[in-house]
Each structure stands twice: as structure tokens, then as C-alpha cells.
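Engineer: Spelled out, the chains give:
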Amino acid sequence: MKPLTLKIGNKSVISLAKNPISHGRSKHIETRFHFIREHVTNGMIELHYCPTELQLADDFTKALKFDIFEFLRKKLDVFNIHQL
Amino acid sequence: MKSCNSVSNPSETNSKQDECSEEEKVDSTNFRQIVGSLRYLCNSRPDICYSVNVISKFMHDPKKPHLIAAKRILRYVRGAMEYGLLFSYGSKSKKNEFIGYSDSDWCRDLTNRRNTSGYVFMFNDAAISWCTKKQPITALSSCEAELIKGTFATCQAL
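Protein chains in written order, with this note's numbering: chain L, -11 to 72; chain A, 420 to 577.
Take the hints with a grain of salt, since some may be wrong.
Unchecked claim - Here are a few chain A residues that face chain L, going by a calculated C-beta distance under 8 Å:
{"hint": "1", "residue": "E431"}
{"hint": "2", "residue": "D446"}
{"hint": "3", "residue": "G455"}
{"hint": "4", "residue": "Y459"}
{"hint": "5", "residue": "E501"}
{"hint": "6", "residue": "Y502"}
{"hint": "7", "residue": "A545"}
To be verified - For lysine-lysine, the following DSSO-like pairs were computed, each having C-alpha atoms within a straight-line distance of at most 30 Å:
{"hint": "8", "chain 1": "A", "residue 1": "K483", "chain 2": "L", "residue 2": "K53"}
{"hint": "9", "chain 1": "A", "residue 1": "K476", "chain 2": "L", "residue 2": "K53"}
{"hint": "10", "chain 1": "L", "residue 1": "K63", "chain 2": "A", "residue 2": "K482"}
Source of the hints: derived by calculation from the structure; they are not laboratory data. The beta carbon of each residue, even a glycine, is placed where N, CA and C say it ideally should be.
Required output: the full structure, derived from the provided sequences and hints.
Structural biologist: Written out as C-alpha cells, the structure reads:
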């Protein structure tokens, strides 16, 4: 099966997930949240970095300015039926 | 609300809502009905997902600012009545591409300092699955917050 692409806006998460070694800095993170590592290791998921301007999930985590909001809305394929 | 003036986005830019304990109380049944209806609408409208998430945190004890925020979403919906998700076929269809995006904010919740995170899955450039959720634990770094979000998105993906 082709691995699924997951875009994340934080590079340290990607290195943390790709590198299955535990070290002092990540000791406090609960074990159940290392689930993602397991799936990166066995090739189910592929993590990619994504800069903020292209992060479509931004729409779901903050109240955005209108121009960015409209851009992301278009990206999510939400259209006005009269303007197609 | 039928003849209200519409607004261009569902919530004020960078607005933060907290409990507002000093503010005037509003009719909670009415407020819950509005939130319930908007939650239903969220299933087909990814654009209001975040704003609805914010106001539904105050269902137990709604105050005036929360009702104002709720009405703003209704005004947005009024202006965006003709909008909907488009699953296009043909012209721009790609080879069944499936991409997930995950993101989390940093301490937006003023009362318990937990993060809000969101993910969206796109299939051939159209959103098919999305979610906004407050994380179950307090994260100590934004890296941890993103990792938690990544885990949730992974669960959904599988």
C-alpha cells in the first residue's frame, strides 16, 4: 500500500517521529502519543513539512483574517454554486 | 436572522473567548439550540468548524459575548448560503491523491491552557474529513502539541 502523506507545520515533530530513539527532551510526552512513530516506522504514514501559508488545517485552529480565510476556503474546495 | 447583514468570516480575527463570569447571562436553552444546529451544519461545512468549536465550550453557562459570537456565525452562514463542498470530476482530477494536513495552535484556551488542534484530509483536492478538537492534556511545547495532533490524525487516517 502507498503510504499516506501527512503534512505537519513543525519540523521537530517530523524528526521526533522518524527517529525512534527516546531522549531526555521528549521524556515527558505520554507514550500513547508516540503511536505516530510506530506507523512512520512501518511505512503506513509519511510525514512532510508544510509551511504555514500552505497549511490547510489552519482554518480549523484559528480565527483568520478574511483574505487568508477565503484563500483556504477555496483550497478546501468550498465554492459558491453560482460562480462555478 | 433572515434579513440580517452578512459578514465575511465566521469569527473575529484573533478573538479569544473565555468564561466571562462578570457578563450578563443569556437564555441557555436558546443558546444550546443554536450551537446544536450549527454543529449539525459543521458536518457539511468545514469553514465554520473552528468557530463553532469555540462557542460550544460555553454551553453550560452561556454569557452575552458568547451569544454575540454565535450570532456572528449565523450572519456568516447567511452570507455564505450558496457555498458548498465541490467534489470535482474530470478537468482537474488527479491520480487519486490522498493528503492529510494537521495543525495545532498554542494556548488559545484561556481557562485551562490547553491547545486546540485540527486536521483535514483531502482526496483529489476536496476535503473529505475534518475535525477541530481541544487536546486532552496540557502540552509543554508546541512540538508536543503537534505530535499529539499528528497522532490523532494518524488514528483517523487508519
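Engineer: A separate judgement is required for each hint: does it hold in the structure or not?
Structural biologist: Consistency of the hints with the structure:
1. E431: With a closest approach of 6 Å, the E431/A hint holds.
2. D446: Violated, because the Cβ-Cβ distance from D446/A to chain L comes to roughly 25 Å (cut-off 8 Å).
3. G455: Nearest chain L Cβ about 20 Å off; hint violated.
4. Y459: Hint on Y459/A: violated, closest Cβ of chain L at ~17 Å, above 8 Å.
5. E501: The hint holds - E501/A has a Cβ within 8 Å of chain L, the shortest such distance being about 5 Å.
6. Y502: Hint on Y502/A: holds, closest Cβ of chain L at ~5 Å, below 8 Å.
7. A545: Check passed: Cβ of A545/A comes within 4 Å of chain L, closer than 8 Å.
8. K483/A with K53/L: Holds, because 24 Å separates the two Cα atoms, which is no more than 30 Å.
9. K476/A with K53/L: holds, 22 Å
10. K63/L with K482/A: violated, 34 Å
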